[in-house]
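Sequence lines, in order, name chains X, B and L.
Counting along the first sequence from 1, when you hit position 224 you're at 224 in the numbering used here, and nothing is skipped either side.
Counting along the second sequence from 1, when you hit position 195 you're at 195 in the numbering used here, and nothing is skipped either side.
Counting along the third sequence from 1, when you hit position 103 you're at 103 in the numbering used here, and nothing is skipped either side.
These aren't lab readings, by the way, just hints derived from the structure by calculation.
Honestly, I wouldn't trust all of these hints.
Non-contacting residues of chain L with respect to chain X, defined by C-beta distances greater than 12 angstroms in every case (computed) [as the list claims (entries may be wrong)]:
(1) G59
(2) Y79
(3) P88
(4) Y156
(5) R163
(6) N184
(7) I227
(8) I229
(9) L234
(10) L276
According to the in silico footprint, chain X covers these stretches of chain L (three or more CB under 8 angstroms from chain X) [what the hints assert, rightly or not]:
(11) 93-102
(12) 170-182
For each residue, glycine too, the CB sits at the ideal point set by N, CA and C.
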Amino acid sequence: MHRRLGVLLGLVVLAVLALLLPQFGGDYYVHIFALVFTNVILAASLRPSLTCGQLNIGHSAFMSIGAYTSALLAKNLAVPFEISLLGGALLATAVGWAIGYPSLRLRGVYFAMVTVAFVEVIRLIAQLWVPLTRGMSGLSGIPKPSVLGMTLSTRTGQYYLALVLMLATLLVLWKLEHSRLGLIWRSIGMADHLAQSLGVNIARHKLLAFMLGCFFAGIAGGFYAHFIRFLFPPEFGFLMATNILVYNYVGGRGHFVGPIVGAVFLSLLSEPFRGSPYETIFFSIAMLLTILFLPGGLITLPRKLAELRWWRTASAPTPSPAA
Amino acid sequence: MSLLEARNLTRLFGGLAAVNHVDLSVDEGEIVGLIGPNGAGKTTCFNLLSGFLRPTLGSIVLAGEDITGLRPHQIASRGLIRTFQLTTLFQEMTALENVLLGLHLHSDKGPRRVLFGRRAFPADEIARGREVLEFTGLVSHADQLTRNLPHGHQRVLGIAMALAARPRLLMLDEPVTGMNLDESGRVMELVKTIRGRGTTILLVEHNMRAVMGTCERIVVLNFGQKLAEGTPAEVSTSPDVIQAYLGTGVNHA
Amino acid sequence: MTPALFVQSAIIGVSLASIYILMALGLTLMFGMMHIINFAHGAVYMLGAFVIYYVFFQGGAPYFAAFVASMILLGIFGYLVERSIYRPIKGGIEPTLVALIALTTFLQAAGYPVFGQLDKHVPPVFPGTRNILGVGISIERLMIIPLAGALVIGLYLFINKTRLGAAMRAIEQDKEAAALQGVNVHVVNGLAFAVGFALAAASGALMAPIFKLDPMMGEQPLLKAFIIIILGGLGSIPGAILGGLMLGLIDSIIATALGAEPAFLLSFVFIILVLLFKPTGLFGYAP
Numbered sequence: 001m002h003r004r005l006g007v008l009l010g011l012v013v014l015a016v017l018a019l020l021l022p023q024f025g026g027d028y029y030v031h032i033f034a035l036v037f038t039n040v041i042l043a044a045s046l047r048p049s050l051t052c053g054q055l056n057i058g059h060s061a062f063m064s065i066g067a068y069t070s071a072l073l074a075k076n077l078a079v080p081f082e083i084s085l086l087g088g089a090l091l092a093t094a095v096g097w098a099i100g101y102p103s104l105r106l107r108g109v110y111f112a113m114v115t116v117a118f119v120e121v122i123r124l125i126a127q128l129w130v131p132l133t134r135g136m137s138g139l140s141g142i143p144k145p146s147v148l149g150m151t152l153s154t155r156t157g158q159y160y161l162a163l164v165l166m167l168a169t170l171l172v173l174w175k176l177e178h179s180r181l182g183l184i185w186r187s188i189g190m191a192d193h194l195a196q197s198l199g200v201n202i203a204r205h206k207l208l209a210f211m212l213g214c215f216f217a218g219i220a221g222g223f224y225a226h227f228i229r230f231l232f233p234p235e236f237g238f239l240m241a242t243n244i245l246v247y248n249y250v251g252g253r254g255h256f257v258g259p260i261v262g263a264v265f266l267s268l269l270s271e272p273f274r275g276s277p278y279e280t281i282f283f284s285i286a287m288l289l290t291i292l293f294l295p296g297g298l299i300t301l302p303r304k305l306a307e308l309r310w311w312r313t314a315s316a317p318t319p320s321p322a323a
Numbered sequence: 001m002s003l004l005e006a007r008n009l010t011r012l013f014g015g016l017a018a019v020n021h022v023d024l025s026v027d028e029g030e031i032v033g034l035i036g037p038n039g040a041g042k043t044t045c046f047n048l049l050s051g052f053l054r055p056t057l058g059s060i061v062l063a064g065e066d067i068t069g070l071r072p073h074q075i076a077s078r079g080l081i082r083t084f085q086l087t088t089l090f091q092e093m094t095a096l097e098n099v100l101l102g103l104h105l106h107s108d109k110g111p112r113r114v115l116f117g118r119r120a121f122p123a124d125e126i127a128r129g130r131e132v133l134e135f136t137g138l139v140s141h142a143d144q145l146t147r148n149l150p151h152g153h154q155r156v157l158g159i160a161m162a163l164a165a166r167p168r169l170l171m172l173d174e175p176v177t178g179m180n181l182d183e184s185g186r187v188m189e190l191v192k193t194i195r196g197r198g199t200t201i202l203l204v205e206h207n208m209r210a211v212m213g214t215c216e217r218i219v220v221l222n223f224g225q226k227l228a229e230g231t232p233a234e235v236s237t238s239p240d241v242i243q244a245y246l247g248t249g250v251n252h253a
Numbered sequence: 001m002t003p004a005l006f007v008q009s010a011i012i013g014v015s016l017a018s019i020y021i022l023m024a025l026g027l028t029l030m031f032g033m034m035h036i037i038n039f040a041h042g043a044v045y046m047l048g049a050f051v052i053y054y055v056f057f058q059g060g061a062p063y064f065a066a067f068v069a070s071m072i073l074l075g076i077f078g079y080l081v082e083r084s085i086y087r088p089i090k091g092g093i094e095p096t097l098v099a100l101i102a103l104t105t106f107l108q109a110a111g112y113p114v115f116g117q118l119d120k121h122v123p124p125v126f127p128g129t130r131n132i133l134g135v136g137i138s139i140e141r142l143m144i145i146p147l148a149g150a151l152v153i154g155l156y157l158f159i160n161k162t163r164l165g166a167a168m169r170a171i172e173q174d175k176e177a178a179a180l181q182g183v184n185v186h187v188v189n190g191l192a193f194a195v196g197f198a199l200a201a202a203s204g205a206l207m208a209p210i211f212k213l214d215p216m217m218g219e220q221p222l223l224k225a226f227i228i229i230i231l232g233g234l235g236s237i238p239g240a241i242l243g244g245l246m247l248g249l250i251d252s253i254i255a256t257a258l259g260a261e262p263a264f265l266l267s268f269v270f271i272i273l274v275l276l277f278k279p280t281g282l283f284g285y286a287p
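Modelling step: build the complete structure from the supplied sequences, incorporating the hints.
Here you go:
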């Protein structure tokens with residue numbers, strides 16, 4: 001019961017901090033945190049697929065689909081933000097189905113290779129379809145987000161939008177992970193043939209988990225498009241896809257908060273050298289070190305430290321009998 | 001009437017026949033043993049029947065329905081449930097969660113339940129899960145992580161999961177391999193009790209003696225072919241069978 | 001497309017295919033033994049090309065010496081990667097893949113400050129063109145075919161005729177049984193890493209005089225190699241060779257007609273169709 005209370009208290013503090021940030025942080029922090037929230041959506045939405053044991057290395061492609069679709073719907077057809085956002089997410093989901101259906105029936109590495117190649121496919125399409133996407137000149141003039149006809153013109157308003165989108169995403173994903181579906185995903189990740197023998201249609205569940213991820217990646221992309229208001233094909237390349245994977249591994253795979261911790265921690269820490277090669281160097285070293293020395297990710301760090309301390313206090317005062 | 005009827009079952013691996021023209025039938029309510037020395041094709045046979053491998057030739061009929069070429073989960077949903085050798089379990093889950101997955105086929109999977117249910121599993125499913133654990137003698141370990149259970153308990157949990165799926169035909173893959181006499185005796189008692197409740201059982205076993213007292217009929221495979229079939233007494237005195245077991249130097253104690 | 005242009009793109013296709021095949025063979029070999037896909041293969045290709053730049057162009061060593069140096073250096077690197085990444089992770093496939101992805105992005109990103117921002121060029125090793133059926137083909141590109149062919153034959157002989165090769169095949173079939181028979185699985189896996197990396201380095205070294213060098217140059221060949229092994233069936237060496245030839249030819253002919261990017265998009269659509277209708281690849285058989 002104490003634990004539950006502690007968790008609840010922690011959540012309340014976090015919520016208050018998130019709500020108050022625009023009051024004491026400047027526009028800079030508001031901007032940064034809106035992007036951090038986008039990264040959280042991306043990282044958390046990759047988790048169902050990873051739980052099924054499917055290495056999706058192409059998540060940025062689905063973000064790109066959501067971003068371009070929503071931006072073009074709003075810009076060219078004056079579709080309201082809510083609908084264009086949903087449209088982008090649905091198209092990302094549909095494309096996810098088309099890619100996932102053939103490749104998820106096979107062993108995991110096929111899926112991993114197909115998703116990597118798919119990042120390149122989407123980048124090339126965005127780059128080559130110049131009449132629609134403006135190609136390498138980049139797509140600009142994307143309208144600001146609006147809610148019920150009201151344009152969110154300030155950074156603060158957009159920040160709250162990002163916060164709401166993130167919380168809604170996390171709520172849905174949390175609920176699913178703690179439902180029967182979550183147990184099935186874990187079962188597929190642990191021993192897929194055993195799950196099959198108990199009547200679980202593993203291909204369908206892997207596809208479902210993957211499409212769910214595509215949907216929320218599309219949402220993240222849609223928000224990003226209307227927030228930054230400029231889209232450039234190479235942004236959604238292999239590096240962004242691996243970053244999303246890194247958030248999950250560095251944060252930790254064992255718990256729902258893993259990808260959230262990973263996304264917040266790494267996005268903030270890498271902020272000073274964003275856009276330079278040093279950002280990637282930092283990310284890849286963080287990833288390698290975590291996998292080799294902290295396989296459970298950052299979320300297991302407190303326990304590891306506690307074990308270390310316990311070990312010290314337990315072993316220090318007892319003199320060895322030989323001495 | 002036979003519940004399971006496999007005819008002319010054949011599976012080639014790169015030109016070599018792992019299972020070669022095998023006919024196999026299991027009647028409703030029977031306990032049948034499928035035995036043979038190492039490499040005789042027992043496991044391949046098992047994988048063919050449960051859909052994990054596609055037969056190169058032959059047909060499989062379950063309760064009058066042709067199930068040849070169906071995928072494993074489709075076969076499971078028609079009432080043929082198998083276990084795996086050794087401790088293939090969901091090691092990072094609790095014993096109860098393992099059994100709840102066993103209940104998968106008979107559970108409420110509506111999206112309303114998944115998204116808006118207050119708990120992941122309704123009380124009646126949890127009750128059913130605990131009932132299965134009670135029956136198999138594992139209920140005191142319900143909330144322990146599977147990987148922390150002793151080896152013997154893990155093996156029984158594998159059977160419990162399969163039971164939760166309410167099989168018409170339960171196929172057990174080497175359920176007592178690696179167990180001592182005492183443990184294997186208890187597992188065989190459990191198997192008999194399960195049959196007593198009306199479940200048909202097909203048992204694959206390497207250890208001939210373990211199945212002698214339990215099975216009513218035994219099919220012996222050797223080099224992918226059916227070598228003998230009959231009651232335990234008939235089979236154990238068949239010169240062909242003795243030759244096969246002794247010939248490969250296998251200790252059948 | 002005129003017949004002359006067709007012949008030209010077919011020959012260029014075969015020479016491209018040779019490079020892709022070298023890449024794909026290393027991937028397939030490592031997959032067969034360890035069930036991992038070496039995502040760092042493209043980065044190793046890039047490093048292989050940069051060794052040529054520094055040793056041959058800057059250092060003035062003979063091309064073949066630089067070529068061998070590239071293979072040996074990156075072969076050693078491959079062995080070290082097995083020791084420091086694959087082995088500590090103890091066969092966990094997914095964490096290994098993620099670690100290899102991290103290694104890739106590290107090598108690529110570190111390439112910019114280390115090699116400089118600008119593209120590098122290596123002067124031609126075999127200058128001039130040769131007239132084949134009335135079309136001029138650069139000798140540089142033609143030479144790739146026999147050199148890569150020699151490496152493929154070398155690999156074949158190594159795997160089938162040497163004791164180490166036999167140990168590799170044993171691990172591919174059954175790791176436990178191989179260990180029981182006294183094969184040192186760690187050392188042989190390390191060797192597979194070394195051979196795979198050396199082949200990727202050789203591909204990069206062969207391509208160095210033809211394309212410009214930059215830290216991201218390995219990305220395209222890596223994706224091509226992925227497409228080849230999906231096409232040919234994972235773990236199948238004949239599949240990798242036939243798949244490589246197919247992709248090289250289609251790629252070059254479509255690229256000549258439509259451009260390189262549409263060629264890549266089409267090949268992706270093609271593998272999705274292959275996965276849909278023949279999931280084990282065109283030349284693979286069901287496991």
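Failing hints, ascending?
3, 7, 8, 9, 10 and 12
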